[in-house]
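Using the sequences and the accompanying hints, generate a full structural model.
-16 is the number of the first residue of the sequence shown in this note's numbering; add one for each residue after it.
Everything labelled a hint here was simulated from the structure, so no lab data went into it. Worth double-checking, as some hints may not be accurate.
As the list claims (entries may be wrong) - Straight line, CA to CA, 25 Å or less: simulated DSS-like cross-link-like pairs of lysine-lysine:
#, residue 1, residue 2
1, Lys43, Lys121
2, Lys130, Lys29
3, Lys237, Lys287
4, Lys287, Lys181
5, Lys106, Lys130
6, Lys17, Lys36
7, Lys33, Lys130
8, Lys130, Lys40
9, Lys189, Lys130
10, Lys287, Lys189
11, Lys7, Lys130
12, Lys172, Lys287
13, Lys189, Lys17
14, Lys17, Lys172
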Amino acid sequence: MLSPVTLMYNISVMFAIEIGENEKQQRLDRFLRKYLENAPLSRIYKIVRKDVKVNGKRMKAEYILEEGDVIQLYLPDEEIAELRRVRKTVRAKRTFRICYEDENILLAEKPAGLLTHGDRNEKRNHLANQVIDYLIGKEEFKPREEKTFTPASVNRLDRNTSGLVLFGKNYQALKDFNEMMRARDSIHKRYLAIVCGKIPERTVLKGYMRKNADRNRVSVDRLSSGESIGKTGNAAGGKTVIEKAAAEKAAEEKYMKTIASPLAYGELRGHPCTLASVEISTGRTHQIRAQLADAGWPIAGDPKYGDPKFNRLMEAFGVHRQMLHARELRMERMMDAYSYLNGRSFTARIPGDFQRAADEIFGGLPDEA
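Take a look at the structure:
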């Protein structure tokens, strides 16, 4: 009986890899893309065609791996070593708080100033590495015994947005929570934002995202009240059904919907402000920041989409980032395996700089915040 932990042995030029709990329910080609991370995609499919068997049989790329399956990989030791990425343990000083944790998920409270994932400038001390290091310390994640899986976040926050980030601690949970997040009807995210201007009532903002990658900035094409997701603007333009479907899919992928509700009004040096509760049913880059600014209510302290003059007023009492906080996650209609979370609501603590701003502008935070 093969061990459930990572197992590789060499018989001539054949490696055997047993699929464990954190590798099951993946397509064969996708598993190999992660296992042989340095291999180009064309090489992966050539390996699938010529150099791989599962349980002694040739399988197609789309074969779904099950726990206990044994992949036989017919490649020389040297080539496997060349195609595999060396898994390194990165120590990262913990700065996040834990809001909630069980055997499947971890809800981290990310402080402002910390990246959710690394980038080309910061590859070590980011939230993902901090969570991984924490789980290694608890011996709940053992990199040397994992073939492809690493705990990862289901959602992300901008560097200078604080609040809740959800991590999957095992492959199945990560896969399931990603699916539920995409479905938009199980996991509901609510933010607190301090904005310049007065939001008169609950307002639904709809539009499409246009991203300028060079400037790392998003602009918004607004939807009017009569428009809907997927409208192509050429209802009688002679497009084929396939062309229309493709256009609708492309549009929906960039669609953004943000709902802002006022909780309190105040002012700073004569400038009206609103404390808003914000919910999103899509999760695009800079979505809340861009849509609120486009509507005329830029987030206080936002260096990219905000009002520079107002931001300087905020700096006078120690606020140097956008006043956006991922305050709450609500869970309902969960998959059966996570039914114990149905009806649960988790809230992140209010950061000190957000509280200072709220005290200065609104005389504090209302109970419903």
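Hint by hint, here is what the structure shows:
Only pairs whose Cα atoms come within 25 Å are accepted, and Lys43 paired with Lys121 is rejected, the gap being roughly 38 Å. Taking the CA atoms of Lys130 and Lys29, the gap is about 21 Å. The hint holds against a cut of 25 Å. Note on Lys237 and Lys287: the hinted pairing holds, with a Cα-Cα distance of about 20 Å set against a maximum of 25 Å. Between Lys287 and Lys181, the direct Cα distance comes to roughly 20 Å. Compliance with the 25 Å bound is thereby established for this hinted pair.
Only pairs whose Cα atoms come within 25 Å are accepted, and Lys106 paired with Lys130 is accepted, the gap being roughly 22 Å. Distance restraint check for Lys17 and Lys36: the Cα-Cα separation of roughly 17 Å lies within the 25 Å cut-off, and the hinted pair is therefore satisfied. Straight-line distance between C-alpha atoms of Lys33 and Lys130 comes to about 22 Å, which keeps the hinted pair within the 25 Å bound. For a cut-off of 25 Å, the pair hint linking Lys130 to Lys40 stands: about 21 Å separates their Cα positions.
A distance of roughly 42 Å separates the Cα atoms of Lys189 and Lys130; the hinted pair therefore is violated under the 25 Å criterion. For the hint pairing Lys287 with Lys189, the CA-to-CA distance comes to about 21 Å; that is within 25 Å, so the pair holds. Annotation: proposed proximity of Lys7 to Lys130 holds, straight-line Cα distance about 11 Å (limit 25 Å). For the suggested pair Lys172 and Lys287, the alpha carbons sit about 23 Å apart, so the restraint of at most 25 Å is met.
Proposed proximity of Lys189 and Lys17 is contradicted: the alpha carbons are some 37 Å apart, above 25 Å. A distance of roughly 30 Å separates the Cα atoms of Lys17 and Lys172; the hinted pair therefore is violated under the 25 Å criterion.
Going through the hint list in order, the structure does not satisfy hints 1, 9, 13 and 14.
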